[in-house]
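> Protein sequence lines, in the order shown, are assigned to chains G and U.
Position one of the first sequence corresponds to residue 1 (my numbering), numbered consecutively onward.
Position one of the second sequence corresponds to residue 1 (my numbering), numbered consecutively onward.
Any given hint might turn out to be false.
A pair holds if it fits inside one copy or across any two, identical chains being indistinguishable in the list.
[Claimed, not checked] Calculated lysine to any residue pairs in the SDA-like style (CA-CA distance at most 20 Å, straight line):
#1 68 with 43
#2 28 with 143
#3 28 with 139
#4 68 with 48
Don't read these hints as lab results, they were simulated from the structure.
So you can see what is in the structure, the chains are spelled out below.
Protein chains: 2
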Amino acid sequence: MNAGTPLPCVALLSEVLDLGYLANAFRKEFPGIDLRMGNDVASLGPVEDVDVAVCWFPPHGLLAQLPKLALIQSLAAGIDHIAADADLPRDLPLCRIVDTTMAAGMKAYVSWAVVQQHRGMAAYVASSAAGRWEEQPVVSPRHHRVGIAGLGTLGMACAEALATIGYQVRGWSRSAKTDLPEGVQSFHGDDQLGDFLGGCDTLVCLLPLTAQTHGFLNASLFAQLPRGAHLINVGRGDHLVEADLLAALQSGQLSGATLDAFSVEPLPADHAFWREPRILITPHISTRTDPAVIAQQTLSNLAALRQGERPRNLVDMARGY
Amino acid sequence: MNAGTPLPCVALLSEVLDLGYLANAFRKEFPGIDLRMGNDVASLGPVEDVDVAVCWFPPHGLLAQLPKLALIQSLAAGIDHIAADADLPRDLPLCRIVDTTMAAGMKAYVSWAVVQQHRGMAAYVASSAAGRWEEQPVVSPRHHRVGIAGLGTLGMACAEALATIGYQVRGWSRSAKTDLPEGVQSFHGDDQLGDFLGGCDTLVCLLPLTAQTHGFLNASLFAQLPRGAHLINVGRGDHLVEADLLAALQSGQLSGATLDAFSVEPLPADHAFWREPRILITPHISTRTDPAVIAQQTLSNLAALRQGERPRNLVDMARGY
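Chain G on its own, in the form it takes in the complex (with noise of 0.2 Å):
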């Protein structure tokens, strides 16, 4: 922001997070900056003064009573928690983050969930407590084929993780790319989807959520797959069939899951997956937005929209990311 250029009013909106952390970061950023918080209308105070809102599973339908509103932005990587809101003004310019530090987050949780499963650290974890010394077979990453379905900044950074550490690793996204790192095995579309999914002893769901890849994680795509293979999902939990993934592990066709993303969060006390061993369950902590940054972004986003300029990550609702 230049100097003289006045502040814009922040509404800070979620239904599902506390969001006093990003509150402090963008005044830390921006002190003195308006910023409003709360689900209704009332609690936002005067709604013509809001430029724009930060959301996070933002309650439906508040959006489109915010008449000055000049821009949305995501505090995170998905934007179908804003998508899901029937009553969006459609119109306006949505924006999603995805930045080195949120991409190095995730590298670590996909690297770490590979590793636990691939190598059985679980058992030496147990071993440890336990005062036994066991060996568990130890099989190179070279001879472990890891896929990534969704081939995004993420996807690609994930992907060029495990190929450092070693492992072979395969990318599947919906239209071809040309950019991946070296290594990477690259497979498109829908034609190459089941040659992709024979070779993926380990495989990473990294796909945004639309209306396609919505239930993409089913009893089709896991039969596909090597038997005893592992899936990891650090997506979304729509585009995991819950049952679909219960029945595969029952049968032997998955032997375990490492969920990060479910479709309630939190997921209920009396959710079949607490309950079942083969599942490893993470509360959706994958990776974090360094809040300093969505401060920024939100701010620079919205000065080069009045700039007439293109802004960050600029989302195309009808591709949906």
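Got chain G sorted already, so can you dock chain U onto it with the hints?
Here is chain U on its own, set in the frame of chain G:
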């Protein structure tokens, strides 16, 4: 081996491991090869036949009793277990093995161990098993500093993998290195050790074990790390002064340790490390050499020597690695 070259006689020597898996690999790679296994001259058969000894903690004194021995081959990256033999025929060529399969295993283990403690993954695994949705603070790898002590093939490989994930990586070695992976900060020699240690939230030991590095991980070194640092030892057990580690954990100077190598293996059942919950013990499984690679390198090294050429990974006995 050229067709017509007679296969050598190979002794497989270990006091601590059953090398049957390695015998199988030699027979598969070189059908009909003369293999000898045993811990004394009597069980090896006619010792004047033995051309090469492949060793992992060989019985001390035995190598000196093999009159036609032309090559001593360690089956892994370290040779300390051979150099410790007071009767070692020190004029014989001694080789070690470092290959990409082995490096991949080490990269996987070290990446896992760094993320496991940095991201608090053990708590998530416990929460999942207990049916609890419990977030831990999410700190990006960009804000965590990992130091690698020892920049040989394995140290360099781990530095590259951790930098690709997004950690702040620094490396320390005896002598200056010029070929560090992009983004890795370089330190060397005694003069720069303190600066190196002061910026290690996690310290990974991948040094060779020599007279100079014996007891490297001691109270004085721990005191130079940031308070609450984590230690990962994938070098040798004798790098570590065990009592100093226990004291550093008690005082809080170290928050935890991940140990894969021990002075006595298997770690005795009554060892204090088993009762310290801040120590994760793994049974020397960080990586393995591919047995087919051991068989191939052993015979190609012997062939190189017989043709007056330098074998691969020949050890400089004065330097100790």
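> Determine for every hint whether it applies to the structure shown.
These are the hints, each one checked on the structure:
no. : hint        : in the structure
1   : 68 with 43  : within (17 Å within a copy, 89 Å between copies)
2   : 28 with 143 : between (48 Å within a copy, 18 Å between copies)
3   : 28 with 139 : between (48 Å within a copy, 18 Å between copies)
4   : 68 with 48  : within (6 Å within a copy, 93 Å between copies)
When held up to the earlier numbered hints, the structure conflicts with none and fits them all.
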